[in-house]
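Enquirer: These are the residues of each chain, in order.
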Amino acid sequence: MSQDKASRRLTRRRLLGTGLAAGGASVLAACGATPTPQTVVETVVVTTEVEKVVEQTVEVEKVVEKEVVVEVTPAPSTLAGEVNVWVFPQGENDLDALWTPLNARFQQEYPGISLNIELLPWGGRREKMLTAYAAGEAPDAAYVNSDTISLFGTNDVLAPLDDVLAQEAWDDLFGDLQAGLIWEGKRLMFPALLIGTGHLYNKGLMSEIGLDPEKPPYTWDELRAAGAASATSGYFLTSWNTMDWANTWVSIVWQAGGTTFSEDMTKALLDTEPAYEALNFAVEMFQNGWVPKEGAVGSDTESSAVSAVNYWIEGRSTLSGWGNPDITTNTRTQAPEIDFGLVPVWMNKRQVCNGGAGCWGVFKGSKAPEATAAWLNWLIQPEQQGFYGSVTKFAPPRRSAWDYWAAEPLPKEFVAMRIDLLEMNQDTTYFWQEGKVICAPYFQAAVLGYQTVEQALAGAQAELQQLVDEFNASRA
Amino acid sequence: MGRLRRGWRWYFFIAPNVLTFLGFTLFSWIFLIYLSFHDWNLLGARQFAGLSNYERMVSDPILRRALVNTLQYAIMFVIPSAAVSLGLATLVNQKMRGMYLFRALYYLPVVTSIAVLAIIWKFILLPRPDGIANYLLQQLGVGPREWLLDIRLALPSITVMQIWSTMGYYMVLWLAGLQGIPEEMYEAARIDGASRGQMFRFVTVPMLKPTTIFITLIAGIGAFQMFGPPYMLTGGGPVHATTTMVYYIWQQAFNRYRMGYASSISLLLFVLILIASLIQRKYMRWSETIF
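Heads up: the protein sequence lines correspond to chains A and B, in order. Residue numbers 1 to 476, in our numbering, belong to the letters of the first sequence in order. Residue numbers 1001 to 1291, in our numbering, belong to the letters of the second sequence in order.
To be clear, the hints were calculated from the coordinates, so they are not data collected in a lab. Take the hints with a grain of salt, since some may be wrong.
Chain A is faced by these chain B residues, among others (derived, beta-carbon under 7 Å) [said to hold, decoys possible]:
no., residue
1, Gly1044
2, Leu1148
3, Gly1235
4, Leu1274
Beta carbons: idealized from backbone N, C-alpha and C, even for Gly.
Just chain A, same shape as in the assembly (with noise of 0.2 Å):
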C-alpha cells in the first residue's frame, strides 16, 4: 500500500531528476545526424505540497491540482549545410505554391541549412539527372519515381534511407509501397506522391447507350459491352496509348492474372496467355473503335502522349482516360456539364492497378549528407506531406498525413477506391523505359492490323527475353 502510494508520489527531486533526464535526452537527441526538431506537446504535473501528520509520522503529499498542456518549441537546429535538390513541376506555380511555404517552415528550423531547390521541367528528366550524375553534378536529393529504381540501383547512385529516415516513417506508408522502393534489401527511396490511376464515367453518356448510369462498367466484360454500346452510338469508351506502359501494358496484364518478367527477372513472359489476353483486349478497343484510333501512334514520354483531342472534357467519350485524383477536380472545372462518377479499378482475373510513387532520392555523392538527411526527415513528415498534397493534389504516401491532406471528398474518394488494389512488383521496378520502347512498335503493330497478336507478342518476347538475359549477364 505504502509502496504503490509512493511510486506515484512525485517529489521536487523526484521532478527535478525527471527534468534532468528528459534535459539529456533532448541534448542528445539533438546531437544525432539527422535531429528532427519538432513542436513538442508535453503535460506536467502541478503539484503542491501539503503536510499531514498520520501516526506520528510526517508524509508529504502530492495532490494534483491540474494538467497544464503546455507547447515547448526545441531550439532551431544548429546542423548547417547547403542543399540542393531538383524538383519537376506538379502544378502551375510549385515555386510560389509549395516550396516557398515549405522552405519558410523549414528555415525556421534550420536556419543553418541553406536550401536550393531547383524546379526543373520534365521533359528530358531522366537525361538530366544521369549526365549531372555522370559529371559528378548531381543535386544532394531530387524527385525521382520508382521508374529508375533499376538504373539506380545497379550502379548504385542512391543512397540507401533505412538508417536515415525513422522506422515508423515506413511503417506509416500505405499498402505495398514499400515492395518497389526497395533494392537488394535496401531502401532507396521515400515515396513523396502516391500514383494510382483511374478512370471516371460520364452518367449521361451511359443513359444514352442504353446502360444503367449507376452502374459504371469495371469488369472487362462490362467494359466490352459499354465499348459495343458507346461505340455504336458514336463516342468512345475510354482513351488508350500504346506508349504507357504502366497503365495500358503493366495494369492490363496483371488484370489478366499474370506479369510482365518472373518474379526473379530470368524470364520474360510475353510468350503466356495472360500476354496474350492483354494484348488481345487492348486489339479490341482499338480494332473496334472503342478508343481513338491516334492513340496507337504517340511520343514515348507519357506527358506528352496525350491525344490532340480531350474526348472526355468534350463529352465524346463514356470513360475518361487513365487520370491521377486531379481528373476529378479539373473535369468538374473543365466541364462542369458533366455529370460524373468513379469507375472502379477494371477488373478481370484479378481487380488490380499499378501504384507508382513519384519519391524523394538522395544520391551518393551529396556534399552535405547530414543536412541534406535532416532536410528528408523534415519534408517527409505527416504535415509536410499532407500540405505537398494538398497543393500538387496527389494523395499523400503516409497514412497520418491523410490527417493533413486538404483535398476534396471526391479526389479522396478517388485514391480510397484504390488504395488497397495498388500494386509494385518487378514489372515496374525494372526496365519501365526499355519495356515501353521495346514493346511499343510491337504493340503498335498489333492494334493497327500490321501484324497478329500473337506475331507481336513473338516478337516483343524475344527482344524482352534479351534485355533480361544482358542484365543478368551483366550483373553475374
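Given the coordinates of chain A, assemble chain B onto it according to the supplied hints.
Expert: The following block gives chain B in isolation, referenced to the frame of chain A:
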C-alpha cells in the same frame, strides 16, 4: 616560326573560338570515338567492348530501318524545302505594301517551339474524317487518310510538317541572296528582250548558286539530324516508320542506357553526313563558286 612570333598578338583574338572548339567539339569527338569501343550506361564503370558495338550495328534491323528512314527523309525534305522557300522568297521580294508582315508570318514557325508545332500538327493530321487535313482532302474528293498511323504516310506527313516549319528560315536566306543580285543585270536582260521566266532561269538562278549550295548543304545536314517531330509526335512509330538516326541514337542512349552503342551510331551518322557533303561538293563545285 618567325611568322608565329611576329603575329602572336592576333592569336588572342581567335583564342576564344579555338578554346571553345577544343573543349566542346574536339574533346567530345575524341570521347565519342573512345566511348564507341566501350559499354557504358552513364552511371557505372566503362567496360572495354572492342568492336562489339560496331558488330551490333551490322545486325541491328531497327538501325537499318532508321538509316533508310533518314535517307528517305533527306530526299523528301531537301529539294522540296529549298524549292518552296525559294518560291516564297520570290513572292515576298516584291515591293508591295504589307510585305514585311508576310515575311514575319512565314518566319513565325521557325521561332515556334516544336512542342507547340507538334500539337498543331496532331490536330491537322487527326486520322478521322473531321481532321483538318482529311477535311481538306474531302473537298478535293479524296477519302480520309490515317496520316501518322499509316506506315507509308507517317514519314511523308512529318516531312511536310518540317518543310512548313523551316521554310521561313530558308526563305530569309534566299531573300538575302535575291537582294544581293545587282538590278543592272535584270535591266540588261530586259534590254536583250528576256521574259520574266528567262530572267529567272538565266539571271536569278546562276546568281543564287552560292546561296543554293549553302541552303542545300545545311538543309541536308539538318535532314540527317532530324529529331524533334519523332520525339514529340510519333515516338518513332508506327512500328519504327518515323525512327530516324538521331532519334534512334537518343533512344539507345537514354531509354536503353547504351552510351557506347549510341556513340558508334553517331560515328556512322557523321560518316554519312560527310559522304553526302562530299558528293554535294563534287557535283555542285563548291570550291569554284565559294572558295
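Enquirer: If a hint holds in the structure, say so; if it does not, say that too.
Expert: Outcome of the hint check:
1. The interface hint given for Gly1044 (chain B) holds, since its Cβ lies 4 Å from the closest Cβ of chain A, which is under the 7 Å cut-off.
2. A cut of 7 Å between beta carbons decides the hint on Leu1148 (chain B): the least distance to chain A is about 5 Å, and the hint holds.
3. Taking 7 Å as the C-beta cut-off, the interface hint given for Gly1235 (chain B) holds, the closest approach to chain A being about 4 Å.
4. Evaluation of the Leu1274 (chain B) hint against chain A yields a violated restraint, the C-beta minimum of about 27 Å exceeding 7 Å.
Hint violations for this structure: number 4 only, all remaining hints satisfied.
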